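Given only the sequences and the hints, what does the whole structure look like? Please build it.
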Amino acid sequence: MTAPRHDLTPLEARTLVLDVLRTVSPGPALDALGPHDDLRDALGLDSLDFLAVVTRVSERTGRRIDEDDYDGLADLDGWVGLLTTSDPAL
Amino acid sequence: MTVERTLRSETIHKRGDERVEAYLVDYDRARREFSWEQARAALSGLSGGTGLNIAFEAVDRHAAGSRASITALRWLDRAGGVQEISYRDLAELTARFANVLGALGVRPGERVFTLLGRVPDLYVAALGALKARCVLSPLFAAFGPEPVAERMRLGEAAVLVTTPALYRRTVAPIRDRLPALRHVLLTGPTETDLSGTGSLAGLLSAASPEFTIGPTDPQDAALLHFTSGTTGRPKGALHVHEAVVAHHVTARFALDLRPDDVFWCTADPGWVTGTSYGIIAPLVIGATMLSDESEFDARRWYRVLAEQRVSVWYTAPTAIRMLMRRGPEEAARHDLSALRLIASVGEPLNPEAVRWGAEVLGRPVHDNWWQTETGAIMIGNFAAAEIRPGSMGRPLPGIDAGLLERGPNGRALVDADGRVRPLEEAAEGELALRAGWPSMFRGYLHDADRYAAAFADGWYLTGDVARRDADGWYWFVGRADDVIKSAGHLVGPFEVESALMAHPAVAEAGVIGTPDPVAGELVKAFVTLRAGVEPTEELRTELLGFGRRALGSVAPREIVFDDALPHTRSGKVMRRLLKARELGLPEGDLSTLEVTR
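Quick mapping for you: the protein sequence lines, in order, are chains Z and P. So for the first sequence, our numbering puts the first residue at 1; every next one is plus one. So for the second sequence, our numbering puts the first residue at 1; every next one is plus one.
These are calculated hints, taken from the structure and not from any lab test. It should be emphasised that the depicted structure is a prediction, and the values quoted were computed from it without experimental measurement. Among the clues, some could well be false.
Derived list of chain P stretches under chain Z, where covered just means 3 residues or more per stretch with a C-beta under 8 Å from a C-beta of chain Z [stated by the list, open to error]:
(1) 410–420
(2) 534–545
(3) 549–558
No residue lacks a Cβ here, since even glycine has one placed at the ideal position from N, Cα and C.
The structure is reproduced here in structure tokens:
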């Protein structure tokens with residue numbers, strides 16, 4: 001639960017998010033996922049899945065993810081952007 | 001409205017003006033005086049006395065009258081665009097679709113399926129199919145290939161309307177299992193490289209915008225909705241055109257819906273709520289029906305409620321609980337003053353959520369209860385009546401509900417003469433409804449035995465266990481069987497188990513619902529692996545993905561390995577015991593239990 005409290009590199013962030021997505025919706029669609037593909041469309045995520053992803057990324061990074069951040073988290077690039085930006089809570 | 005925080009479980013009372021302005025003011029009197037004959041007389045019927053057709057009541061009679069230019073459907077696309085379709089335009093579009101079906105040689109009574117998100121073509125195809133007197137069966141677009149194949153095969157789909165992307169992903173892999181499927185019509189651009197399909201847009205533009213609905217017997221089949229049982233295949237519940245009588249009056253009684261309302265039913269038309277109240281009821285009333293292509297997003301939903309001036313909102317407990325997680329600040333940023341009534345269905349709404357509505361949204365949430373089989377709202381909290389938070393409310397006028405004494409299997413006790421034992425006063429038992437209301441299902445497709453087993457002694461047996469308080473309010477207790485209620489949808493454990501057991505590593509599976517604060521229940525699978533297969537994390541991930549690809553949204557969210565699943569003496573996995581273990585409950589009567597391996 002406690003996590004690396006340093007900014008992630010883009011590669012680390014991408015790997016972490018893909019790992020979490022794999023726990024929710026593994027399979028060929030995930031392997032083929034592009035940085036700008038809409039996660040809900042490409043992986044068939046519903047809002048409960050999305051919440052699960054938010055919770056798990058939060059747990060692994062120790063970073064609080066607010067509802068205000070959700071708008072930017074529609075694709076992989078958005079996630080990488082969030083996780084590579086300094087956590088305002090630190 | 002005032003919240004009484006004293007005795008009587010914090011009942012929410014309504015102000016005097018809220019009461020007198022409601023459609024249903026005097027509940028007891030309405031129950032005494034109501035008759036289904038009068039309710040039927042409030043509809044037009046086909047001209048020349050040639051019957052009753054849902055699409056005529058929903059569209060054509062408004063298009064021919066003073067409401068022709070009123071917006072019937074206001075559709076919000078994902079990008080923020082708005083498209084308005086008037087009753088007149090909707091009449092023409094649905095006429096075109098009915099003519100397309102005729103030109104393709106599709107006959108009345110044949111089944112037209114849709115596999116679409118919330119897009120205008122969905123409403124056109126649904127109502128056009130009803131005009132053509134075909135039977136409409138809308139499927140949830142988030143289903144995977146297996147649930148779609150099973151339902152279309154069972155329903156002998158003659159026509160499917162879907163998108164190119166859904167066709168590629170969900171239908172193409174299973175099309176060879178659907179020999180009865182003659183026509184696949186794809187939405188979107190007219191050019192497509194997919195063989196064996198036609199272009200909906202091309203056909204619509206070539207068809208005439210005029211169509212006269214043929215004679216329709218009120219007892220003719222109109223809607224086919226699939227629902228999940230404990231065992232075996234999904235059940236195809238058939239409804240008839242007469243159901244529109246119930247759609248109409250229940251929208252007035254339970255939703256207080258009127259012609260000048262902007263009404264938003266957030267349910268997807270792939271489920272019964274999204275058809276009865278997401279297509280039919282608001283149009284029959286003559287209101288403006290809102291449809292949003294996007295999935296749930298708290299900020300977007302608040303924006304839709306505010307900007308579209310939604311006055312009556314029918315949603316689900318899961319959505320309300322997700323809004324609650326977001327906190328009151330977001331709600332405060334939006335002008336929700338147009339909201340007149342909020343209602344919810346799908347699973348019992350917790351009292352905190354009812355009160356949260358009153359405090360944060362400015363209106364309490366009116367929970368109500370019904371099922372695929374009932375076709376329309378049967379029990380509800382009403383605009384003019386006090387709300388007892390946590391209760392599903394009282395039976396609607398025209399509906400007689402009862403509680404029946406239960407037997408050892410948890411279901412209503414039926415004696416050798418076929419009689420049941422209705423319980424009096426405050427009691428707990430299986431919730432049952434006196435058979436005979438217009439939207440009652442008229443059969444499970446190809447399964448007369450299961451249909452017959454759903455009735456006893458003149459009652460429809462719902463499979464839900466409920467409690468009635470001394471004043472006649474009903475409270476949901478639980479399912480009498482193993483069916484899972486997740487995010488407002490019924491999930492059949494057998495269907496999920498079967499899909500998992502198609503994986504070569506799986507010997508057996510038992511599937512239950514586990515409590516979840518947002519979804520009510522989440523689907524969880526206990527899996528026994530074949531001998532020699534190692535229970536690794538990789539395999540767990542693979543099985544999650546395998547289930548997801550086959551089942552789509554009804555797939556298990558959690559899988560655990562268990563090499564000692566409990567069985568009955570007849571060899572079936574005892575889901576009830578799995579659930580008791582999961583919840584840490586007493587395991588109960590184990591006399592039917594086989595020794596675990």
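Right, here's what the structure says about each hint:
no., hint, in the structure
1, 410–420, "violated (count 0)"
2, 534–545, "holds (count 4)"
3, 549–558, "holds (count 4)"
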